[in-house]
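Could you put the whole structure together from the sequences, leaning on the hints where they help?
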Amino acid sequence: MKSFDYVRPETADAAHEAAGRFIAGGTNLIDLMKLQVETPEKLVDINRLDLRGISTEGDGLKIGALVSNSELAADLRIRTDYPLLSRALLSGATQQLRNKATTGGNFLQRTRCPYFYEPHQACNKRTPGEGCSAQGGVTRMLAVLGTSEHCLAAHPSDMAVAMRALDAKIAVTRADGTTERLALDDFYLLPGDRPDRETVLEPGDLITAVHLPAPAAGRQTYRKVRDRSSYAFALVSVAARIAMEDGKISDAALAFGGLAPRPWRDGAVEEILIGEAPSEALFGKAADRLLAEAKGAGGNDFKIPLTRRTLIAVLNDLTGESA
Amino acid sequence: MRVSLTVNDTPRTLDLDPRTSLLDALRDHLHLTGTKKGCDHGQCGACTVLVNGERVNSCLCLAVMHDGDEVTTIEGLGTPENLSPLQAAFVKHDGFQCGYCTPGQIMSSHAMLKEIARGWPSHVTEDLSAKAELTIEELKERMSGNLCRCSAYKGIADAILEAAAEQREAAE
Ligand SMILES: Cc1cc2nc3c(=O)[nH]c(=O)nc-3n(C[C@H](O)[C@H](O)[C@H](O)COP(=O)(O)OP(=O)(O)OC[C@H]3O[C@@H](n4cnc5c(N)ncnc54)[C@H](O)[C@@H]3O)c2cc1C
Ligand code: FES
Ligand code: FES
Chain A
1 MKSFDYVRPE TADAAHEAAG RFIAGGTNLI DLMKLQVETP EKLVDINRLD LRGISTEGDG
61 LKIGALVSNS ELAADLRIRT DYPLLSRALL SGATQQLRNK ATTGGNFLQR TRCPYFYEPH
121 QACNKRTPGE GCSAQGGVTR MLAVLGTSEH CLAAHPSDMA VAMRALDAKI AVTRADGTTE
181 RLALDDFYLL PGDRPDRETV LEPGDLITAV HLPAPAAGRQ TYRKVRDRSS YAFALVSVAA
241 RIAMEDGKIS DAALAFGGLA PRPWRDGAVE EILIGEAPSE ALFGKAADRL LAEAKGAGGN
301 DFKIPLTRRT LIAVLNDLTG ESA
Chain B
1 MRVSLTVNDT PRTLDLDPRT SLLDALRDHL HLTGTKKGCD HGQCGACTVL VNGERVNSCL
61 CLAVMHDGDE VTTIEGLGTP ENLSPLQAAF VKHDGFQCGY CTPGQIMSSH AMLKEIARGW
121 PSHVTEDLSA KAELTIEELK ERMSGNLCRC SAYKGIADAI LEAAAEQREA AE
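Sequences listed follow chains A and B, in order. Residue numbers are given in full-length UniProt numbering: position 287 of the first sequence equals residue 287, and the series is strictly consecutive. Residue numbers are given in full-length UniProt numbering: position 154 of the second sequence equals residue 154, and the series is strictly consecutive.
Derived by calculation from the structure, the hints in this document are not laboratory data. Take these hints with a grain of salt, some might be off.
As the list claims (entries may be wrong) - Using 16 Å as the maximum straight-line C-alpha spacing, the simulated EDC-like pairs for lysine to aspartate or glutamate come out as follows:
| no. | chain 1 | residue 1 | chain 2 | residue 2 |
| --- | --- | --- | --- | --- |
| 1 | A | K2 | A | E57 |
| 2 | A | K34 | B | E137 |
| 3 | A | K2 | B | D17 |
| 4 | A | K169 | A | D196 |
| 5 | A | K34 | B | D17 |
In structure tokens form, the structure reads like this:
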């Protein structure tokens, strides 16, 4: 590990002034520092900042950036009103890791593309302009939607997929003190020709909280398909909420993990479903829409039929007789 | 940098390079070698300790970030003359072969039993609104962060189930 300076400010102002790389749970950053994929010169430990706790806010919830993944998954309000979020969190990593991992850090965890982890392999995300060894390489875990010729990496987070389905907003305090609330599609960037830029955050911008809107109607689930039944990243995952009225789908929210460089949601898929009676043909049409532009790179071609089947299974579950 | 930790109820002060992991601080600086280093990347669980009562992978903790925290290691659970119930159950059920993963398994299961008692759900909990029982499926999911290269899983599971049953009886 490269050496670094370490500071532990007590206030957000001091954290901005310190002008270094924030560290929260450290479960991703320390791992990458050991591999020298990340080499920050200064670590700003934000654990003493007042960014903890889950509180009600209007009809929704405000989740502090330092709330651990375990605490969030176990919170009774989340388990009752936003169960797909509890399910997504509990499907990620292990209890030891979830105890340290924070809500803010989870959004910003880096890809698990094997070439990003290997400093002697070319990776445009790690070193812009270097090339992408994943092209023509081992692509089993990589994305099939939203990629570019410069990068095939998938976003690894389960939590962020759930947050996308729930229309969560990320509260950010910019380095200059201004604050913003960003929807996930305005927060995450697609790789294009700058895969090293993953979000709109600039150095020194701090995530302070996540805001969940009022609980929405319908049944919810999070289905994660992976190489082993526990402690593995998603090949494909679906966070879904479906509301039914008079035998027809009245509302739908569907977000996907493992498929793209950011949690993936496509409003056109939901529009196909809303107002219709559930049927195998309808679900097939929705899957066709979702995957119309999907492109495999060889080793991940299987994700396209796998996503199709996983989506159809989830829709059958949520529109069928209550379990 | 100066770092103060309370390790197994004893206050300790160390002067550490900020790069030092909590794992290396425990093993190399405090000579508490019960805690093991397997992967050093959060993937195997051999380094599991309790920080302020919760289980974490000490290899992914910087010691400086834990200034003021309470750390419990396998040495703090029991001693060879006075084993903790989980330690005794691991011996009785052959919950190991080479023994390398064992301290991590025991620290992890110690915390896991408290999580179950607190009503924390897991990925395999059917009903998120109910309190999960320690079934074998729950145990496997909740212990999936502790790998055993010798595959002593049967003995590990039997040991944890027995210690959990004893704990329940004692509480009744
Ligand atoms: C073995 C292993 C298995 C895993 N499996 C899964 C899995 O199945 N599913 C899954 O979703 N995840 C998985 N993870 C990843 C884990 O969820 C992340 O490492 C964790 O959520 C990151 O949170 P953290 O607080 O530890 O982040 P840190 O490592 O502290 O930080 C990560 C990044 O976020 C930045 N940052 C942190 N907080 C803030 C803030 N408030 N404002 C601005 N920037 C901030 C840091 O500068 C850094 O760039 C796994 C990790 C490991 C090691
Ligand atoms: S040594 Fe920490 S998890 Fe393997
Ligand atoms: S007993 Fe050898 S690794 Fe578990």
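Hint by hint, here is what the structure shows:
Restraint check: the Cα-Cα separation between K2/A and E57/A comes to about 42 Å, which exceeds 16 Å; the hinted pair is violated. Proposed proximity of K34/A and E137/B is contradicted: the alpha carbons are some 34 Å apart, above 16 Å. Between K2/A and D17/B the alpha-carbon distance is near 11 Å, which keeps this suggested pair within the 16 Å criterion. Between K169/A and D196/A the CA atoms are separated by roughly 23 Å; this puts the pair beyond 16 Å, and the hint is violated.
Among the hinted pairs, K34/A with D17/B is consistent with the structure: their alpha-carbon atoms are about 14 Å apart, no more than 16 Å.
In terms of the numbered hints stated before, the structure departs from hints 1, 2 and 4, listed from lowest to highest.
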